[in-house]
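Take a look at the letters that make up each chain.
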Amino acid sequence: MKDFMSPFLTNEKGILLAYDQGLEHGPSKDFNEKSVDPKYILEIAEKGKFTGIIFQKGVAEKYYDGKVPLIIKINGKTSLPKGEPLATQNCSVRHAKALGAQAVGYTIYLGSAHEHIMLQEFGQIQAEAHELGLAAIAWVYPRGEAIANDSSPEIVAYAARAGLEAGADAVKIKYTGDPQTFRWAVKSAGTAKVFMSGGPKAPTDEAFLKQVKGVMDAGGSGLAVGRNVWQHDRPLEMAAALKEIILNGQTIETALKRFSK
Amino acid sequence: MKDFMSPFLTNEKGILLAYDQGLEHGPSKDFNEKSVDPKYILEIAEKGKFTGIIFQKGVAEKYYDGKVPLIIKINGKTSLPKGEPLATQNCSVRHAKALGAQAVGYTIYLGSAHEHIMLQEFGQIQAEAHELGLAAIAWVYPRGEAIANDSSPEIVAYAARAGLEAGADAVKIKYTGDPQTFRWAVKSAGTAKVFMSGGPKAPTDEAFLKQVKGVMDAGGSGLAVGRNVWQHDRPLEMAAALKEIILNGQTIETALKRFSK
Amino acid sequence: MKDFMSPFLTNEKGILLAYDQGLEHGPSKDFNEKSVDPKYILEIAEKGKFTGIIFQKGVAEKYYDGKVPLIIKINGKTSLPKGEPLATQNCSVRHAKALGAQAVGYTIYLGSAHEHIMLQEFGQIQAEAHELGLAAIAWVYPRGEAIANDSSPEIVAYAARAGLEAGADAVKIKYTGDPQTFRWAVKSAGTAKVFMSGGPKAPTDEAFLKQVKGVMDAGGSGLAVGRNVWQHDRPLEMAAALKEIILNGQTIETALKRFSK
Amino acid sequence: MKDFMSPFLTNEKGILLAYDQGLEHGPSKDFNEKSVDPKYILEIAEKGKFTGIIFQKGVAEKYYDGKVPLIIKINGKTSLPKGEPLATQNCSVRHAKALGAQAVGYTIYLGSAHEHIMLQEFGQIQAEAHELGLAAIAWVYPRGEAIANDSSPEIVAYAARAGLEAGADAVKIKYTGDPQTFRWAVKSAGTAKVFMSGGPKAPTDEAFLKQVKGVMDAGGSGLAVGRNVWQHDRPLEMAAALKEIILNGQTIETALKRFSK
Amino acid sequence: MKDFMSPFLTNEKGILLAYDQGLEHGPSKDFNEKSVDPKYILEIAEKGKFTGIIFQKGVAEKYYDGKVPLIIKINGKTSLPKGEPLATQNCSVRHAKALGAQAVGYTIYLGSAHEHIMLQEFGQIQAEAHELGLAAIAWVYPRGEAIANDSSPEIVAYAARAGLEAGADAVKIKYTGDPQTFRWAVKSAGTAKVFMSGGPKAPTDEAFLKQVKGVMDAGGSGLAVGRNVWQHDRPLEMAAALKEIILNGQTIETALKRFSK
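Residue numbers (the numbering used here), protein chains in the order written: chain A, 22 to 282; chain B, 22 to 282; chain C, 22 to 282; chain D, 22 to 282; chain E, 22 to 282.
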């Protein structure tokens, strides 16, 4: 099968800059005066040599400049509604391609009462994406009343596996907390690439780099990161540090040297 | 990207006359013997040199005379049903274009349990609108059980941002109460134009003009106004006053001079 | 805009014979041995010179003889289900046209929790009807848990207005009880024609004629009547009386003379 | 209108052998070692000279031999789910035709909270059936929380009428218990043919024949029977007895003579 | 009718290796370091000369090598959501064929409140499958609040029959516990092939072989087995033992000889 993820990989590894938090969490929760501006993010992506950038359709249409490979997230929801989570397709694969995307992203809320809707939509999206030459990346997030702990090793491995079975070229999943248990998730994903979901800003740079190192030690393909980069006061140094670990296979110590004193 | 909003803007600003309250609120709540008649509204729009007029399909078909640029609102609901708000598409984009519209409007009830239906429909509508050369304007109204205060700065900024991410050319949102917090909403909307939703008749002309001034000071693109104009006993003077602020960048004091004694 | 209602009007007024009560209320509630037979109704329609007749598809297919202009009601429900009212499309506009219809009718239960489904379906039906040259008539009935009184002046005016905004060529609404308040409903409907819904058999002929006179005095376009005609023991005399008022603009006294002693 | 039912009628009367109980009730409830086999049923249908046979798609595909006119039932449900009844289309009309069917059957659970889905589907099915030259037969079964007694004269007449209004060529309804009340149901069905639904095995042959005689005396077109034939130890004699009454207009006494001692 | 199952049968019997447990149950519940890898399963399938292998689309795309006839399971769900079970189509029949499949599998949760959705989808899938030359295999699993015991003889026979009526070429059902009662299920399935669903790892090899022998004695066509093979420490010997019983009609004793000491 064609490796649809290759536009986003350097030596089979990738570091993706995620920026759909404006829709998912709202600007007041995650953005400041700088990060609210997509141009600031594009600048980080370009200067930081990210291997991909993730936008919702609207941001891509108004801001994308073609310099970093594009993933359009084609579903999404706000954090406002109560009840079982559901996000449905808001952009066609064809439209995403026309905007320059080489991949589409789609969230599956595994375990939600609406899981079947998202598994079905993703099935159609994946087929259409491959037909048009795009990768289909699944954000697989176990969530809803049935999910007690969305980062337990068992549930993260389940997410990874569901992504593989659903035909994802790559899955974006939470970190389990240690490389031993994350390795099982990577194995469960088979030949689907595994990207850790960056999550909220970590307490220290080292703490975050340690997670990322764990992912790579476990056989992961990289990271989709947002807040830990663009909420950072030195985002390009954080990007450099992350690339040491992800693309160059370096240690945390080496990575930390990329931060100026 | 093409600026689909240009037909509705003068020096990048706009003042739109909204008239879908007959469906949204009912004639007995908002109309009197004069304002119940769409011809009265068209006359105000034309004489008042509004940069756009907003009708539901039915009113456009029976009354629109081509003199003021047309926005057709292609979803809508009455104020009658209880439960989580939902308004679905009642007019195709193609049909709206055939009626002379240069833009379509669509309400997204952010935070509603049915949010996903409206985000999905708007996604399709926006793509079709752009294909046909029309602007897609999102009325983004956080509403439903999950929304405590639909005009808090955070929720209004969230609405603005959701509109940007969803691909809206312009968003219609509530005023937050002051220009400082509204500025954040405008920033959150990025390059999407921001129009304040006029809302119910303000207690005094000055009070309303102060809101509008706040919007413009915050970087907004203008106003979509209904009741504060056509419920006014001197609608053309109110229109003139609004244009002083919106199109000419004048002060409230200057604007108030447009009212005869 | 083309006047799609013209096939059903004489001097801009109309009297329509409604006969979908078999589906809506059941035969045992509304029919007797004579009125249960569609041929009896067709005979009344023809001899009584009604300006239109209203059938569901099934009755039209098996009985319609082309002598009176036909309206096919393309949604409907029984009176049996509990819960929020919903009736969905059961006949395509194309099919209705093939059966000889020059208009389609569709009920919108305004205020129902399913209102959005009916507003959406009607939107599509109206567009298709006009494309094929048929009128789209909306039965606008506020109903459901949210509706306290479905014939209050406010709610009837709301129904009329919703029909206009939705693009109906004509609306069929309840009578408010007096011409003063009904006039407001007629104004709210704008240039959409307003037909009073005949309702259950009135206690006396005069009582019914008084309602109809009120409608016409208020500017209404006529009446869609079923039970007050075909449950009448002298249906043709009732038809003649109604036409005096509706088509000839006569008084109740003149109309009453059409009844033999 | 073309008489789509003619393939199933002899002198305007018909006797149909129903065999979808495997899906509707389950094999353990209704079948024995013989009747579980569709070949046994086909043999009865052929030797008993039934005027039609009713199968679900799966049985038709694997067993139908073209000897008796075929009706494919194109919706169905098991008796297992609780809640308001709903059966949706499981076979296209085109597919049914390709399998040799000259009619399609469809159950409408009148009064169910899902009534609108079935009325809508039947509307589409009926149109497509007639276009392809097939009859559309409605099983109209009032059922669900709203239905207190599904064989009261009023409710059975309502079912018959709903079938007519929906465009059914024939309706399959329950017996009301006596010919006087059933006559009203037949009248309510207008020119749609009325078939009694055979129901569970009657206590005695005479009891069942009496019901059938009542149907015919009331003006019915015949019977759709399953269990009272293929659960009978002498099914061909029962078939012969039924045909005496249905096709030959004979008395119960004459019919009973078809049973050997 | 064409025998669509023939690619999966040897002398009318078959043994299918099922491997969709990663989606249905999660990797942590059913897999170990070896069985988590689809290549390990493919190796067993090939060396064990299984007559078919069952994958979800994603696994087929990334791993299938064309050596063993392929069934793609085109719906599926995780074990996470609470509430009435529902799995909807996630892969088109056309797509399955393009991946090399000669059959598609689909689960119908009989008795679920969503039963009608699955009966409807399966109806469409079966028709499309046959048109494209593929078999349609129904996993018929009675499940949900309405089902007290999903392996009682009555409910298993109902499942088998529903599969036949729905048009399945083969059904995959649970074992009832003994050949006498399972024979009734086989009879109820008519000419549809009956495969026992392997279920969780049996306590002893003999216990499992006894179930399989019961299926074959009852007239079944074979087995779809996963965990009892690939969770076995000697999977090829288990496969050999199973083939003795299924394909060669041997006794349990003969089969047990295929296990090395």
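It is possible that part of the hints are untrue.
Heads up, the list lumps identical chains together, so a pair's fine if it works in one copy or across two of them.
[What the hints assert, rightly or not] Only pairs whose alpha carbons sit at most 30 angstroms apart, straight line, appear in this in silico BS3-like list of lysine-lysine:
| # | residue 1 | residue 2 |
| --- | --- | --- |
| 1 | Lys23 | Lys118 |
| 2 | Lys55 | Lys23 |
| 3 | Lys23 | Lys103 |
| 4 | Lys208 | Lys83 |
| 5 | Lys195 | Lys50 |
| 6 | Lys103 | Lys118 |
| 7 | Lys103 | Lys60 |
| 8 | Lys68 | Lys278 |
| 9 | Lys222 | Lys68 |
| 10 | Lys103 | Lys208 |
| 11 | Lys55 | Lys195 |
| 12 | Lys282 | Lys23 |
| 13 | Lys68 | Lys208 |
| 14 | Lys50 | Lys208 |
| 15 | Lys83 | Lys278 |
| 16 | Lys50 | Lys231 |
| 17 | Lys103 | Lys70 |
| 18 | Lys222 | Lys83 |
| 19 | Lys208 | Lys222 |
| 20 | Lys208 | Lys88 |
| 21 | Lys282 | Lys208 |
| 22 | Lys118 | Lys278 |
| 23 | Lys231 | Lys282 |
Since the hints were derived computationally from the structure, they do not count as laboratory data.
Quick caveat, the model's predicted, so the values are computed rather than measured.
Here is how each hint holds up against the structure:
| no. | hint | verdict |
| --- | --- | --- |
| 1 | Lys23 x Lys118 | both (17 angstroms within a copy, 18 angstroms between copies) |
| 2 | Lys55 x Lys23 | between (39 angstroms within a copy, 26 angstroms between copies) |
| 3 | Lys23 x Lys103 | neither (40 angstroms within a copy, 37 angstroms between copies) |
| 4 | Lys208 x Lys83 | between (39 angstroms within a copy, 14 angstroms between copies) |
| 5 | Lys195 x Lys50 | both (20 angstroms within a copy, 19 angstroms between copies) |
| 6 | Lys103 x Lys118 | neither (33 angstroms within a copy, 37 angstroms between copies) |
| 7 | Lys103 x Lys60 | neither (32 angstroms within a copy, 42 angstroms between copies) |
| 8 | Lys68 x Lys278 | within (18 angstroms within a copy, 53 angstroms between copies) |
| 9 | Lys222 x Lys68 | within (21 angstroms within a copy, 50 angstroms between copies) |
| 10 | Lys103 x Lys208 | between (34 angstroms within a copy, 27 angstroms between copies) |
| 11 | Lys55 x Lys195 | both (27 angstroms within a copy, 24 angstroms between copies) |
| 12 | Lys282 x Lys23 | neither (44 angstroms within a copy, 45 angstroms between copies) |
| 13 | Lys68 x Lys208 | between (33 angstroms within a copy, 23 angstroms between copies) |
| 14 | Lys50 x Lys208 | between (35 angstroms within a copy, 14 angstroms between copies) |
| 15 | Lys83 x Lys278 | neither (36 angstroms within a copy, 39 angstroms between copies) |
| 16 | Lys50 x Lys231 | both (25 angstroms within a copy, 28 angstroms between copies) |
| 17 | Lys103 x Lys70 | neither (38 angstroms within a copy, 43 angstroms between copies) |
| 18 | Lys222 x Lys83 | within (27 angstroms within a copy, 35 angstroms between copies) |
| 19 | Lys208 x Lys222 | both (27 angstroms within a copy, 22 angstroms between copies) |
| 20 | Lys208 x Lys88 | between (33 angstroms within a copy, 24 angstroms between copies) |
| 21 | Lys282 x Lys208 | neither (39 angstroms within a copy, 32 angstroms between copies) |
| 22 | Lys118 x Lys278 | neither (39 angstroms within a copy, 53 angstroms between copies) |
| 23 | Lys231 x Lys282 | within (20 angstroms within a copy, 49 angstroms between copies) |
Figure legend: structure checked against the earlier numbered hints; hints not met, in rising order: 3, 6, 7, 12, 15, 17, 21 and 22.
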